[in-house]
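Visitor: Here is what each chain is made of, one letter per residue.
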Amino acid sequence: MSANNTARERAFPIVIVGHIDHGKSTLIGRMLHDTNSLPTGKVKELQSSCERRGAPFEWSFVLDALQLERDQAITVDSTQIWFHTENRRYVIIDAPGHREFLRNMVTGAASADAGVIVIDAKQGVSEQTRRHAYLLHLIGVPQVVVAINKMDLVDYAENRFKTVEAEMQAYLQEVGLTAQAMIPVVAMHGDNLAKRSENMPWYAGPTVSDELDTFPRPTATVERPFRLPVQDVYRQNGRRLIVGRVESGQLQIGTEVSVWPTRRSAKVVSIERWASPDTATEIQAGQSVAITLDDELFIERGHVLTLPAAGPRSSNALSVKLFWLSSDRLRHGESLTLKLATAEYEVVVDSIDTVIDVEDLSRHRGHEVQQNGVAEITLRSRSDITYDLFHDIPALGRAVLLDGYNLVGGCIIQGGGDIETASRNLTAVPQSVTTDERETANGYPGAVLWMSGLSGAGKSTLAMALQRELFNRKINVYTLDGDNVRNRLNRDLGFSEEEREENIRRVAEVAKLFADSGTIVISAFIAPTNSARAQAREIIGDQFHEVFISADMSVCESRDVKGLYAKARLGEINDFTGISSPWEPPESPDLEVNTGELSLDDSLEKMISYVEQSILKSAN
Amino acid sequence: MARILLKMDDLDALEAQSVFILREAFNKFDPIGLLWSLGKDSCVMIWLAKKAFLGRMPFPAIHLDTGKEFPEAYAFRDTFSKEWNLDLIADDCPPIEAVDASLPPASRFAARKSLGLQQAVDRYGFKALITGIRRDEQATRAKERVFSPRSVDNSWDFRGQPPEFWDQYNTEFPPGTHVRVHPLLHWTEVDIWRYIERENIPMVPLYYAKNGQRFRSLGEIGITEPIESNATTIAEIITELEATRDPERAGRAMDHETEDSFERLRTMGYL
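Chains as they are written, first to last, in my numbering: chain P, 7 to 626; chain L, 138 to 408.
Bear in mind the hints are in silico, worked out from the structure with no lab data behind them.
Fair warning: there could be bad hints in the mix.
What the hints assert, rightly or not - Example chain P residues on the side facing chain L (calculated, C-beta under 8 Å, incomplete):
id : residue
1  : TRP88
2  : VAL112
3  : ALA296
4  : PHE304
5  : ARG307
6  : LEU408
Quick caveat: nothing in here was measured; it's all calculated off a predicted structure.
For each residue, glycine too, the CB sits at the ideal point set by N, CA and C.
Start from the sequences, fold in the hints, and give me the full structure.
Guide: Written out as structure tokens, the structure is:
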């Protein structure tokens, strides 16, 4: 065996990130030169090209080899290039700093084992510096070094270095990322890249290449639970070969495996190889394998093989931390495809729980996620999703999102969706008295009259009059009124779009319980949007009757019983429906009562006759 | 329980990644084909495909034939298409007259392959083509994705490339798109030779030095020049490569005609 045939360590992948113009490509170009990693003639070729253009030579040209990049002076895509120190080989991924190319930065950074964050000493920590640092942490790049560049422009001043260092340190700490070192450099002249700088005697720490050499490789996933996501099933000579890449753990021939989500088991009979001297009876993380089982179980792409004792999680809702790459904003209710290992699931954005501002790390409620934004959201799928938590088994704890043909985001899994996990542990006890029995006993079915309309349209007045009339007829009736509910059950909710939706959801759930008990419920809420009412209809089901109390805005405003319109006009009330918050009239209500044209008596008459026709007479 | 901890070395890891990519491509695209230039990289790729599919490559090997390959290369093709049990497609590329006359001579000559490729896509309806390019070969190739979409006219929009991370390759495309799949993107030239050595993969003999010269990168007669070398074995080639700082494609004329000639070739659909 020749000396060359001995195993070599794989090149260590590092990504260089930071704000545009802070000097990432210059740092790489110079680093390649200083470690003797450039092809002969490359620098000369570029220098003469610069002469022809009459422009000064820059180290970044080494990487920015594409015509377009030289003309526009920005790195468009991530580039990979190899270099070596005396200790090991590296592959550097240069990630573009320009905001619109964040998708390329993520593309590059996701395969790195370490990151170098470049900051311009004069400019200091910028928005893109923070965004990149945050994303490095989010996508799981475990170790970083910070290079504070262009120290020559601040006269190699230790003070300035300390200021930028402190600012970055504070941010990283809050994110949960620890920088292994903060190093003052001048990329253009090579100070503290591979060679110690003589210009900054006050700095006693390592150079960039010294520091990189100390970074350990991430620990192998061999010791974690076994996961083999099925890539495909091949038929060969009447046998079924299950193929895929082992993402974590290890397994021996003869071991029993469980298949998810079917939860069936079989034993591994053989490991198949072609032209391989390898006769190991074991497979392990990182290998692309083909195995056969002793039982013809139903197995297809997307299934996951595990050991029976250490299975994955399963839920039809996931709570994830998302980074959003599409220029279209992500909104609640949107349908997307989730690709997790080899599986694909159709998912709906169940809720946008928290939007995170990566600039100041504040967290707030929000109803949409903008391009390059980060948020915690809940995804719901019709089928169960097989997954692990990102920090347990990264490969099964992360996923990408597709909208049609386009990859629009990535996410790491933090848990099963709250709603889902909670309800999984509950078992609904069947009622001993059925809805039908109640209806027969009462002589009418339970129902919800869902009244909606602008403030001042007369909802409460009509609701109370109708309630009195029905009560007089010995009908079980109860009114859920907006203000009453908000003072008690929903006193934790405000008036943002999301909180209004939650208000309506809870009211709908309560109304349904009343209706199930055989009561006729009159609900009087503004319920300003079609989606809010659609949600109520979905929760309540057949017992839902939509009543639109219509009155022109001008009529409502002239009534202004509570003096609210006046306040809203003065700007004293925010989010006032119809004035500073949207109002969508119901598109096809079961009943419309125009209180602007009808008297109270006539309006009441119309409602009573609807109740008689559509609820009382419908009794079986 | 005592456990044998296998340690994967760098070649094991490269092989596993390429096998994973080939299996993804085969699962997602039908029909699919592999471009066989007869050079070292595409031979390694066929070898990897045989590993991925357990001995049988389940799609055609396509040789874009300009009629200008070296005789040793044709002999190699005839021998190993049988030996490796390949389903070979070796149609003639369109003539030089069909190529954009504004290109410099060697690039124009090389562009016949681009037209041949377009012809294969049109003739056989390939949804995806597997090619053996590597990021370390040439700066524009460093920008490539593993699954790289090409539009109807075969062109490459390197500015608008889709994101690709966590081994989740883009497999959904509008009708009319065809995809280039690059299972060797993450390999280096030395990796290729070390793997050839380990696996004992047959190669066109022109790669080994004769009379003080060998081909480091194999193209067609007239536009490919040998380098000065005394490396007659794989081990000597590896030693040579580990010491050299000359670029791999120094002997390929079309890379150097004008500053952007190779980039122009690539946006027009060249590999």
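Visitor: Take the hints in turn and mark each one as holding or not.
Guide: Right, here's what the structure says about each hint:
1. TRP88: holds, 6 Å
2. VAL112: This hint holds: P:VAL112 lies near chain L, its Cβ roughly 6 Å from the closest one there, short of 8 Å.
3. ALA296: Check passed: Cβ of P:ALA296 comes within 6 Å of chain L, closer than 8 Å.
4. PHE304: P:PHE304 check fails; min Cβ-Cβ to chain L is 17 Å, beyond 8 Å.
5. ARG307: holds, 6 Å
6. LEU408: holds, 6 Å
Hint 4 from the list above is the single one not met by this structure.
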